[in-house]
Structure formats: structure tokens, C-alpha cells
Amino acid sequence: DAGITQSPRHKVTETGTPVTLRCHQTENHRYMYWYRQDPGHGLRLIHYSYGVKDTDKGEVSDGYSVSRSKTEDFLLTLESATSSQTSVYFCAISDHSNQPQHFGDGTRLSIL
Amino acid sequence: SQQGEEDPQALSIQEGENATMNCSYKTSINNLQWYRQNSGRGLVHLILIRSNEREKHSGRLRVTLDTSKKSSSLLITASRAADTASYFCATVAYGGATNKLIFGTGTLLAVQP
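Chains as they are written, first to last, in the working numbering: chain R, -11 to 100; chain C, 24 to 136.
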């Protein structure tokens, strides 16, 4: 398995609280991605990064922000969590944007 | 918006049988990829087929691509209980500084022992 670690693996929090999810890679890949997975929707891209401090929005970016200060870490922040953000969040990495992505095992986030 | 749509949404077969899953997409692509997801785990890449390829094999997997019909199929031969998982197609579209994967909604495959 590619060296990708997501933390935490599970989190329960309340509406209105800030939440930060972390993705750490040991593969030195340039591209990093955050997806959310919901029943009936498959995986949807939230934000992605194409280098240190270089990020861009995906399909469902509202309510989320990201930061990448080092090659190996990509953080996803929910500034003020809402119940609609209850989901399973996956981080992925790739060497090039049209090549296969390697996924972490996900973070299950519940917002009550 | 979803680029790929898998068909069927769910498939149940016996061990030893073949499983075929189909994927349709909407726009021109650079390549199409298939992934597997076991319950509670992340996606695992299975196979990539480029837009100028028509068929590709990897072990018990066979993928076809028909760009005129904007469709692809994944065939798993001689299925095993361990093949039980969700299978997703994902397309990489042309254009822009960064290509992005667009995933379909997946096919849930259950292989009965």
C-alpha cells in the first residue's frame, strides 16, 4: 500500500465547531486530493493540491478550506461544521494528475 | 456532476462465475480507470485504459473501451468470494492545467461462496 495516513479515522463533533482532518504521505507525490463519499453520489472532489502552497477547488468546495505547507501534509478544514458535512472523507495522492491515485482508508466524520 | 455511471448498481453471482460491470461517461476523455473498494477501506486502483486503447488485461480482469459509445466494461473472470467489493469507474477529461478524476456511483458486487 502507498504510504498514506489519514487522521483521525473517526470523529464525532457538534454543529458549528471547527474540524481539521489530516492527510500525511510518505511517497513524495506532487498531487494530493480530498474527496467525500456519500451514498448515491460516489466520490466527489472537494479540493486538491498540485504542490506546496498550490491548491484549487473541486466540485463540492463550499464550506471547506485546505492548506499544504509541506509536500507530505494536506489539511482539510471545516471552519464551522454542518450536519450536511457528515460523510466519509478520503485523501488521495498521485504523481501526475492523469495517473492512478492512491487512497487512504478514510475518515468517518459525524456532525450532530 | 457525475461523469461516469455504472451499471448495474448491484450484482450478485456465485463463485466461479464471471462478473461484468459497465460504465458510461459524457465527455471526451484522456483515460478511464477502474477502482475497487472493500467495505470500510479506501479505493484501490485496478487498471487504466487510455483513450486510444480498446482492450486491456490484468490477471483475471479485462477492460474494454468504446470511445464512440462513451462506454467501458470491466469483466472479472472466475470470480472469488474475495472479489466482493464496490467497483468504480473514473474518467480523466481533457483540458485545463490539472486533470481531475470524475468518479461514477459504483457497482456493488457480491460473490457468493
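The set of hints was computed from the structure by calculation and includes no laboratory data. Take these hints with a grain of salt, some might be off.
Only pairs whose alpha carbons sit at most 27 Å apart, straight line, appear in this in silico DSS-like list of lysine-lysine [to be verified]:
hint: 1; chain 1: C; residue 1: Lys123; chain 2: C; residue 2: Lys49
hint: 2; chain 1: C; residue 1: Lys49; chain 2: C; residue 2: Lys92
hint: 3; chain 1: R; residue 1: Lys45; chain 2: R; residue 2: Lys58
hint: 4; chain 1: C; residue 1: Lys49; chain 2: C; residue 2: Lys93
hint: 5; chain 1: C; residue 1: Lys93; chain 2: R; residue 2: Lys41
hint: 6; chain 1: R; residue 1: Lys58; chain 2: C; residue 2: Lys123
hint: 7; chain 1: R; residue 1: Lys45; chain 2: C; residue 2: Lys79
hint: 8; chain 1: R; residue 1: Lys45; chain 2: C; residue 2: Lys49
hint: 9; chain 1: C; residue 1: Lys79; chain 2: C; residue 2: Lys123
hint: 10; chain 1: R; residue 1: Lys41; chain 2: R; residue 2: Lys58
hint: 11; chain 1: C; residue 1: Lys92; chain 2: C; residue 2: Lys123
hint: 12; chain 1: C; residue 1: Lys93; chain 2: C; residue 2: Lys79
Chain R residues, not near chain C, derived (Cβ > 12 Å throughout) [said to hold, decoys possible]:
hint: 13; residue: Ile(-8)
hint: 14; residue: Arg(-3)
hint: 15; residue: Glu2
hint: 16; residue: Thr8
hint: 17; residue: Asn16
hint: 18; residue: Gly28
hint: 19; residue: Arg32
hint: 20; residue: Gly46
hint: 21; residue: Tyr52
hint: 22; residue: Ser53
hint: 23; residue: Thr59
hint: 24; residue: Thr74
hint: 25; residue: His84
Which residues of chain R face chain C? A few of them, derived with a C-beta cut under 10 Å, are [as the list claims (entries may be wrong)]:
hint: 26; residue: Lys(-1)
hint: 27; residue: Val0
hint: 28; residue: His17
hint: 29; residue: Tyr21
hint: 30; residue: Glu47
hint: 31; residue: Ser49
hint: 32; residue: Phe78
hint: 33; residue: Pro88
Where a beta carbon is used, it is the ideal one built from N, C-alpha and C, also for glycine.
Outcome of the hint check:
Simply put, C:Lys123 and C:Lys49 have alpha-carbon atoms about 15 Å apart, close enough for the 27 Å limit, and the pair holds. With a CA separation close to 10 Å, the supplied pair C:Lys49 and C:Lys92 stays within the 27 Å bound. Distance check on the hinted pair: R:Lys45 and R:Lys58 sit about 19 Å apart at the alpha-carbon level, within 27 Å; holds. For a cut-off of 27 Å, the pair hint linking C:Lys49 to C:Lys93 stands: about 7 Å separates their Cα positions.
Distance check on the hinted pair: C:Lys93 and R:Lys41 sit about 36 Å apart at the alpha-carbon level, beyond 27 Å; violated. Simply put, R:Lys58 and C:Lys123 have alpha-carbon atoms about 22 Å apart, close enough for the 27 Å limit, and the pair holds. For the hint linking R:Lys45 to C:Lys79, the alpha-carbon distance of about 33 Å lies beyond 27 Å, and the restraint is violated. For the hint linking R:Lys45 to C:Lys49, the alpha-carbon distance of about 21 Å falls within 27 Å, and the restraint holds.
Proximity of C:Lys79 to C:Lys123 is assessed by CA-CA distance (about 22 Å); at most 27 Å being required, the pair is judged to hold. Under the criterion of a C-alpha separation no larger than 27 Å, the hint pairing R:Lys41 with R:Lys58 is consistent with the structure, at around 8 Å. At roughly 21 Å between alpha-carbon atoms, C:Lys92 and C:Lys123 fall within 27 Å of each other, so this suggested pair holds. For the proposed pair C:Lys93 and C:Lys79, the alpha carbon gap of about 16 Å is at most 27 Å, so the pair holds.
For R:Ile(-8), the requirement that its beta carbon stay farther than 12 Å from each beta carbon of chain C is not met, with the minimum near 8 Å. In this structure R:Arg(-3) is not separated from chain C by more than 12 Å, as the shortest Cβ-Cβ distance comes to only about 10 Å. Non-interface status of R:Glu2 relative to chain C is upheld: no Cβ of that chain comes within 12 Å, the nearest being about 25 Å off. Remark: the non-interface label on R:Thr8 is consistent with the geometry, its nearest Cβ contact in chain C lying 19 Å away (cut-off 12 Å).
Distance to chain C confirms R:Asn16 as a non-interface residue, since its nearest Cβ pair spans about 18 Å, more than 12 Å. Remark: the non-interface label on R:Gly28 conflicts with the geometry, its nearest Cβ contact in chain C lying 6 Å away (cut-off 12 Å). The Cβ of R:Arg32 sits about 8 Å from the closest Cβ of chain C, inside the 12 Å cut-off, so the non-interface label is violated. Distance to chain C contradicts R:Gly46 as a non-interface residue, since its nearest Cβ pair spans about 7 Å, not more than 12 Å.
Under the 12 Å C-beta cut-off, the non-interface status given to R:Tyr52 relative to chain C holds; the minimum distance is some 16 Å. Remark: the non-interface label on R:Ser53 is consistent with the geometry, its nearest Cβ contact in chain C lying 18 Å away (cut-off 12 Å). R:Thr59, annotated as away from the interface, keeps every beta carbon of chain C farther than 12 Å; the closest lies near 17 Å. Listed as outside the interface, R:Thr74 is consistent with that label: its C-beta sits roughly 17 Å from the nearest C-beta of chain C, beyond the 12 Å cut-off.
The claim that R:His84 is not at the interface with chain C is violated, since a C-beta of that chain comes within 12 Å of its own (minimum 8 Å). Taking 10 Å as the C-beta cut-off, the interface hint given for R:Lys(-1) is violated, the closest approach to chain C being about 16 Å. The interface hint given for R:Val0 is violated, since its Cβ lies 17 Å from the closest Cβ of chain C, which is over the 10 Å cut-off. Among the interface hints, the one on R:His17 is violated; its C-beta lies about 13 Å from the nearest C-beta in chain C, farther than the 10 Å criterion.
Among the interface hints, the one on R:Tyr21 holds; its C-beta lies about 8 Å from the nearest C-beta in chain C, closer than the 10 Å criterion. Checking R:Glu47 against chain C by beta carbon gives a least distance of about 7 Å; that is within 10 Å, so the hint holds. Hint status for R:Ser49: violated, given a least beta-carbon distance of 12 Å to chain C, over 10 Å. Look at R:Phe78: its Cβ gets to within about 6 Å of chain C, closer than 10 Å, so that hint holds up.
A least Cβ separation of about 4 Å between R:Pro88 and chain C falls short of the 10 Å threshold, and the interface hint therefore holds.
In summary, the numbered hints that this structure violates are 5, 7, 13, 14, 18, 19, 20, 25, 26, 27, 28, 31.
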